[in-house]
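Engineer: Hints given; two lone chains; assemble the complex.
Line by line, the protein sequences give chains A and B. In case it helps, the working numbering puts the first sequence at residues 1 to 327. In case it helps, the working numbering puts the second sequence at residues 1001 to 1317.
Careful, some of the hints might be misleading.
As the list claims (entries may be wrong) - Using 25 Å as the maximum straight-line C-alpha spacing, the simulated DSS-like pairs for lysine-lysine come out as follows:
#, chain 1, residue 1, chain 2, residue 2
1, B, Lys1143, B, Lys1215
2, A, Lys316, B, Lys1116
3, A, Lys320, B, Lys1215
Derived from the structure by calculation, the hints contain no laboratory data.
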Amino acid sequence: MSSERITKKLTFKTFRFNAETDFLPYFKTYEMEVGKDELVLDILNRIKWEFDGSFSYRRSCRHGICGSCSIKVNGKPVLSCKQNVWELVDIFDTDTLLLEPQSRKRVVKDMIIDKKDFWEKHAKLKPYLVAEIDEHPKEEIKVSPHEAEQLLEADYCIQCGNCYYACPVVEVNEEYFGPAQFAKAYRFNADVRDNAKTERLEKVREMGPGVWDCVKCFECAEACPKDVDPIGKITKLHNQLFEEGMAQDNVATRHAVGFKHSIVKHGLLDEGELVRYSEGTLGVMKHLPEAIAMFKKGKIVMPWNMPKSEKLDEIKTLVKSSSKVKF
Amino acid sequence: MAELKYALYTGCTARESTPELLMSTLAVAKKLGIELVLLDEASCCGASHLQDFDDFLSLVLNARNICYAEKQELNMVTICNTCQLNTVMTKERLDSDENLKSQVNEKLAEVGLEYKGTSSVRHFLYAIIDDYGLDKLAEQVVKPLDDFNIAAFYGCHNIRPSHLHRKHNRVERGVGEGGGEEGFEEVPLMSKYNDGENPYNPTSLDRIIEALRGKSVDYDSKNKCCGFHADLQAPHTAHKLTGTALLDAIDNNADMMVTPCPLCHLNMDVKQDSVAKEMGRDIKLPILHLPQLIGLALGIEPQELGLQHNVSEPTFV
Chain A
1 MSSERITKKL TFKTFRFNAE TDFLPYFKTY EMEVGKDELV LDILNRIKWE FDGSFSYRRS
61 CRHGICGSCS IKVNGKPVLS CKQNVWELVD IFDTDTLLLE PQSRKRVVKD MIIDKKDFWE
121 KHAKLKPYLV AEIDEHPKEE IKVSPHEAEQ LLEADYCIQC GNCYYACPVV EVNEEYFGPA
181 QFAKAYRFNA DVRDNAKTER LEKVREMGPG VWDCVKCFEC AEACPKDVDP IGKITKLHNQ
241 LFEEGMAQDN VATRHAVGFK HSIVKHGLLD EGELVRYSEG TLGVMKHLPE AIAMFKKGKI
301 VMPWNMPKSE KLDEIKTLVK SSSKVKF
Chain B
1001 MAELKYALYT GCTARESTPE LLMSTLAVAK KLGIELVLLD EASCCGASHL QDFDDFLSLV
1061 LNARNICYAE KQELNMVTIC NTCQLNTVMT KERLDSDENL KSQVNEKLAE VGLEYKGTSS
1121 VRHFLYAIID DYGLDKLAEQ VVKPLDDFNI AAFYGCHNIR PSHLHRKHNR VERGVGEGGG
1181 EEGFEEVPLM SKYNDGENPY NPTSLDRIIE ALRGKSVDYD SKNKCCGFHA DLQAPHTAHK
1241 LTGTALLDAI DNNADMMVTP CPLCHLNMDV KQDSVAKEMG RDIKLPILHL PQLIGLALGI
1301 EPQELGLQHN VSEPTFV
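Just chain B, with the same shape it has in the complex (with noise of 0.2 Å):
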């Protein structure tokens, strides 16, 4: 039996357009003996513009797909930090206003489901750090990825808000002998790593490189927006917003880029070469998926990663 089982809500988009996110998902998960039962059931979070156009709908759909977790009486992990933070943010309000939540499963009760709020929602990446261990990771590595300057890009919904993120990636200590008020104590999950991720300064992903023995870029975009969710109504910004980062992390040495989100890998990935015409500078650089790098270094085959389907070649493979 696994040690660690959680109920996975992969998104849409590693449904369809990254398909390689839930390939290299579901073999690092099985090879470092993570149990994942997928959440067929689970719609679409709404990914921030559902919300825009009708926010109650979207509140009933995220806390349906959080009912299914809880029926699985599993904690959910997410591949997508918009998927994250619109799951956690709903989780959110309604652990915090009963009379939103009555509403909410008022709703619920017509298709037989109630929200309970008992399911933890944490993204995999922190998943790994917090509950696997990064110490742990870095036994598994059999190709050790030191010949590789690697750039983390965090994405925004993983990083901001952090005062949500960090309530919701704590636990309640259990009560110790005697009780007393440190028995009621909230402690930080992230707090072996920086007291919780710093917005200003994310240091997760890079402990995650240097686990699997890669070099960590040091540069000034990695915790910056990569413009994806104004790319068709605002396409200047979205391009300028991308290719600042991208041209920071080349300029800074990078190999690669590695981004646990995969609308910023669809940004990073498949938009380079108009992100090149906006920026007037040849851009190439291969960007990985969060679950790829670590597949790589835990030695399982390009293939089961899914890196044919990337569009920036990872010719270093």
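One chain only, chain A, in its complex shape (with noise of 0.2 Å):
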């Protein structure tokens, strides 16, 4: 048996910037052979180490629970002590693979950004157990196995910040929470024991900050290294808010609570009664040249030529027995 070791010739093209000393971000390119069992840590080990002492990256743990090694490959963020190499070049089909941090606009060194913004957005949502405990307890508080299974993941979260910096709100809307944020608030508005799930969802229903402002655009589920899905504990959240009767009149619930308006009459959804039922009668009028030209092209549904699905009657009394949820 040959013990020749098999390795693929690869290229890295690296981000360089040095807040301190460069005015413009710049790329290295090192080339090296990589072996099927790489890791990206190893491969950032390795241009330190074998080619330029003066690379930085973030490494801790080795063992994908503390978070720090998270950067982007091709795009695609990873946690670099998690990511064989072989496998990104399989997934993007090719033999030159792009070293990035998180966030570019964030970056103190090379692969090293600055999270400030990340934890104090994490600290306003008491991302921690709030409960008053007996200091001599005489027996152990119990959380049921299906009490438990409630947290639904949420509590893997490692706060790499692998989402929230792949999410295009947080980009765009400087005050938005972000999807670690949410998930964090979740993990502990879910655990029975908790006393703080009316203070979290007063601040998670803020529009700007808050999960209204969610574009589901599902970047946070797949950027998450350990299957947390973000967006699924945001809907969590959505749901809380209106079981818990803390969904406030607003835009965006009755944007929601349209829908259930709209297929009880319609079978379909109506939209341009959605529109006027979130943004009210005036609120509507903002829309006014967006629906003149759409009008012009034959693209809005008078109310008298509204489509229903066939077999309405049925989906009148599936929304009746099924629909439990008030507003």
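Structural biologist: Below is the structure:
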């Protein structure tokens, strides 16, 4: 049996920038033979140890639990210590990989970014258990397996930030809390021992920073290396707001509720009526230029021509029997 | 008899604000010999918003839609990315949770229906690529799109979350002679096209453009979000996301953009003026639905493809 190590010659184009000395970022290219078991973190180490000692990145546990070593490779957020390099070569069908920090605009040095905004937003949502604990308890606080399952693996989050820096809303709305923060808020809201659910829901329902500004792009679910599914938790927070009677009467909540009204009436969504219902009669005026443009092109269905699903009675029966949420 | 036959779940938008999508889908299917049976009994999928308000109701309604494809013993095709994701997410949840499935079926029984999980649910884009075949599509081209730089805009809900789409674009290979483990291997239908869609570098639309002999534009925003689902509550966010993608395509010399999602189409096509104000730059770019683009290359008349309904003037036709 041959003991020869099987390798691939790969090129790593690497983002370089030192905020203290550089005016502009630049790229440096490194070529090396890479074995099939090597991880992205091995490559970062080899660049530093074999090519350039000034190359900087964060690393700590090497076991996928500290979240320090996250970067992007060819645009894909990865946890360097978990991500196999050959797998990336297969995914992107290339022998050249681009190594970048999670967020270029937050770069301090090379792969190291400033995560201040990430942590500050976390802190605002009380990312810890809030409970009055007897200092001398006589028995343990019991959590049933079913109650523990309600966390829906939200406690697997290692706060690596992959979802946060992949989120397009974070990029254009600086006050938006972000998917990791919402996943953490859900984690403690779903904990039967916690007493701060109302406080957290008051925060996450705010327009601008809160859950209603999510664009539902699933970038966070795709980016998460621990399968936490942050957008699933965002949906759960939406659900909690309605279930707890804490959903405020605003454009976002009416937008969600409006679907039910429309489905009961037509089976289908009445798009025009949904906008009016969500925005209010006056609010709808701001959409007038677009409405006129659409009308001219035959894209507005008049109320008297609104199509209906066949067997609408069936749909009405199911809505009446299945819908329990009130608003 | 048609070689390919599907139950078509149109979704709401193709019945209302994008009538051209339904027109062009039917015209292209007819031209390619694909038989589509309209699911007129279907309801709205909830578009990811009803789910925020009443998750169980959305499950029941989406399961009911699939029931009607099952009753016809047909696989379902969708023509909206969001309908596709909501329907396939329902399918995934019910197929993997017997308890939830029986709760939903308890409700469906009230109207004489039962969700079994026998119909697959796929977007028309992948039905064309995987079932009809790109080579066969290329053979049907009578008006090649050689002169055009075409920007593919994928839309989020067809490419993310990728594990879900990958799973639902697989078929089980039949047990071969002698059986054995290999007989149960799942084969990704997209295997010949990049082993499933890579959400960080999707290729399906680009390959269709190439099959139609157009030039596919390489630009960063092709797999990004248009912001549609926050249009009403966060218009500035939505406009910035739409505008960034449109300008990226324009700056990379796109003559037009094509998308398989009518919701992306609404943002990209109808909102160009308001987005231009937000971005501080003029934006003029024709936006086509996927079947409109295919239809043009197949020689179908623009009127039949509903191009008269597009707001951003497709002046190149």
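Engineer: When the structure is checked against the list of hints, which entries are broken? Sort them ascending.
Structural biologist: Violated hint: only 3; rest satisfied.
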